[in-house]
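Join the two chains, each given in its own frame, into one complex according to the hints.
One-letter residues, chain by chain:
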Amino acid sequence: MAENLGVKNAKWDIADGLRVNRNTYNSYMYIVEDDSLSIFDKMELHGGEIINNLDGGSALHFNNNERLTKEQYLRILEALVKTGCNYFCENVPKTICNDCGYIHPNNSERCIKCGSTNLDKAVRVVGYLKRIKDFSQDRQHEASMRFYHAEV
Amino acid sequence: MLRYNDVRVTFQEIPNEVSLTFSITGCPYRCEGCHSPELRENFGECLTGEKMVDYINKNPFITCVTFLGGDNDFHWFTYLASIIRKNNKKVALYTGSDEINVDIYNAVDYLKIGHYDKHRGPLTSKTTNQCLINTKTGEDITYLFWKE
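Going down the list, the protein sequences come from chains A and B. So for the first sequence, my numbering puts the first residue at 1; every next one is plus one. So for the second sequence, my numbering puts the first residue at 1; every next one is plus one.
Next comes chain B alone, as it looks inside the complex (with noise of 0.2 Å):
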């Protein structure tokens, strides 16, 4: 079961999407400089596949459902990612972890991976050690989030 604090329609963390964006709680990964560490703690209200299709219905207008951490119990992962996907939406997943997990690659149309490394800079700075790959096309798309 995966337990979630935060949901909000957003534009920024997965490019030319419109998604439904998720902050799940329990985080098991400990990056130093972590923009959200009050995500460690298990807390928040279960996200089950009952809700998740609620959701869905409520906001007929996103094209993807993006979870901010989620491989804390990637079985139940990829139980709300298939659902998200018989409702005809993307999914996308912001994992801290640096190797891709197959059946999570499968499950997802969006995957960035990799921990938060402040001397290298999240997503938005060239230096970054992280990336964005959209699982179709096997693309590294990071290069998205580089504006001027």
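Just chain A, same shape as in the assembly (with noise of 0.2 Å):
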């Protein structure tokens, strides 16, 4: 799984005498900490002009910290047709409740159903919601790096 090949990457890079400058790797064509780039910028980096002339694929991760309304992903919808972005997938962090078990899918301090703050941030993996905790050490420390976009 290409989670745990960008920790395996960086280390066979290693191994073969290449410069690396971190231990993760990710498939973006950002660096993971960036808070510089818009989310449209993105887009570029993930547009036409450039993964029309890639082998694989190469999903824009849009790590926003928090949901956007109908109007607005109207908006990212017409930036994504027009920039040729044809792969892209938003991640806010959800909140799981460890006490009630509720998921909320959205990123909150205390759980807003029975008020708990015995709380776990999970995100998107391939399509199913992982706990940030059960990442391995490696991913981890790479996604406690993330940018997400939040407001100012």
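One should not assume that every hint holds.
Unchecked claim - Simulated crosslink set (DMTMM-like; lysine to aspartate or glutamate; CA at most 25 Å straight-line):
1. LYS126/B x GLU109/A
2. LYS94/A x GLU49/A
3. LYS58/B x GLU109/A
4. LYS147/B x GLU151/A
5. LYS126/B x ASP13/A
6. LYS126/B x GLU139/B
7. LYS118/B x GLU66/A
8. LYS86/B x ASP73/B
9. LYS86/B x GLU50/B
10. LYS82/A x ASP99/A
11. LYS118/B x ASP140/B
12. LYS147/B x GLU71/A
13. LYS94/A x GLU151/A
14. LYS126/B x ASP103/B
15. LYS133/A x ASP34/A
16. LYS126/B x ASP6/B
17. LYS118/B x ASP13/A
18. LYS58/B x ASP138/A
19. LYS70/A x ASP140/B
20. LYS70/A x GLU139/B
21. LYS58/B x GLU151/A
22. LYS136/B x GLU71/A
23. LYS86/B x ASP54/B
24. LYS58/B x ASP41/A
25. LYS118/B x ASP103/B
26. LYS51/B x ASP34/A
27. LYS90/B x GLU71/A
28. LYS86/B x GLU45/B
29. LYS133/A x GLU33/A
Unchecked claim - A few chain B positions that, by computed beta-carbon distances, are all more than 10 Å from chain A:
30. MET1
31. ILE56
32. PHE61
33. SER125
Note that these hints are calculated values from the structure, not bench results. C-beta: ideal position from N, C-alpha, C; glycine also.
Put into structure tokens, the structure is as follows:
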């Protein structure tokens, strides 16, 4: 699975004597912690001009701190079409309550059902929700660096 | 003239819009508990009309230009607002003022007014003293921030 391959690839490159700036790779066209690019800049990086020259998939990961509104998603879809970015996924951290079990499809500081702060954050990984604490150590470190678009 | 120290695309400040959001420096208000007190100093690059047009051209997918502050030079603000509207984008202003200036009201599509009161909280708090107004309809749309 690609989530583990990112760690293996970095290790193989180190073993081959290549310069490796991090111990986990991503399939992103941007650095995960970069906070200077807008979502539309990222679409250009994963847009037609570039991905038409690739022989594999290249999903644009839009790491976003909060869900958007319908009008905003429509604008996102329009921009995806115009930039030629045909493979796109949004990831908003989900909040899992370890006391009552409620899964809130947004990022919150306490459980909106029972008020508990005994929470885990989860994100979608290849179609399934996975708790970040269940990632491998290297991937958890990388996940903690990811920039999530948020309010100013 | 207005100066800014940050500009980015945001989704949270104005509901249903995709904003290009400028953090304007030189804020004249002194709200206790302010979440960005560094903006009280007057620093950063000058926000000229040419620069604004350049930003809009480079960000064709935005629907609105949002100013976090800017009424410290409201002549300059209304000048920039007219340029933005000529480029078919909406204009929004977050001000810490408790009063509405008619010239500013007419220059914007969204106006957030009200100083920050740490006991009543920001727009996302149901007890807030602040409000966000859609100036086209005159409607107070603060409730759009109140999610579950």
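Hints, one by one, checked against the model:
1. LYS126/B x GLU109/A: Distance of about 17 Å is within 25 Å: holds.
2. LYS94/A x GLU49/A: Given pair LYS94/A, GLU49/A is violated - Cα atoms ~33 Å apart, limit 25 Å.
3. LYS58/B x GLU109/A: violated (35 Å)
4. LYS147/B x GLU151/A: Judged against 25 Å, a Cα distance of about 15 Å means the pair holds.
5. LYS126/B x ASP13/A: violated (53 Å)
6. LYS126/B x GLU139/B: Distance of about 17 Å is within 25 Å: holds.
7. LYS118/B x GLU66/A: Since the Cα atoms of LYS118/B and GLU66/A sit roughly 23 Å apart, the hinted pair holds (cutoff 25 Å).
8. LYS86/B x ASP73/B: holds (20 Å)
9. LYS86/B x GLU50/B: holds (13 Å)
10. LYS82/A x ASP99/A: violated (45 Å)
11. LYS118/B x ASP140/B: Satisfied, since the Cα-Cα distance of roughly 21 Å is no more than 25 Å.
12. LYS147/B x GLU71/A: Holds - the C-alpha atoms of GLU71/A and LYS147/B are around 16 Å apart, at most 25 Å.
13. LYS94/A x GLU151/A: Holds. LYS94/A to GLU151/A sits at ~17 Å (cutoff 25 Å).
14. LYS126/B x ASP103/B: Judged against 25 Å, a Cα distance of about 29 Å means the pair is violated.
15. LYS133/A x ASP34/A: holds (22 Å)
16. LYS126/B x ASP6/B: violated (28 Å)
17. LYS118/B x ASP13/A: violated (52 Å)
18. LYS58/B x ASP138/A: violated (36 Å)
19. LYS70/A x ASP140/B: holds (20 Å)
20. LYS70/A x GLU139/B: holds (20 Å)
21. LYS58/B x GLU151/A: holds (21 Å)
22. LYS136/B x GLU71/A: Cα-Cα ~18 Å, so holds.
23. LYS86/B x ASP54/B: Roughly 13 Å separates the two Cα atoms, so the pair holds.
24. LYS58/B x ASP41/A: holds (10 Å)
25. LYS118/B x ASP103/B: violated (29 Å)
26. LYS51/B x ASP34/A: holds (24 Å)
27. LYS90/B x GLU71/A: holds (15 Å)
28. LYS86/B x GLU45/B: It holds: about 23 Å lies between the C-alpha atoms, which stays within 25 Å.
29. LYS133/A x GLU33/A: Measuring from Cα to Cα gives roughly 19 Å; hence the hint holds.
30. MET1: holds (21 Å)
31. ILE56: holds (13 Å)
32. PHE61: violated (4 Å)
33. SER125: Its Cβ never comes within 10 Å of chain A, the nearest being 13 Å, so this holds.
The structure is inconsistent with the numbered hints 2, 3, 5, 10, 14, 16, 17, 18, 25 and 32, although it conforms to all the rest.
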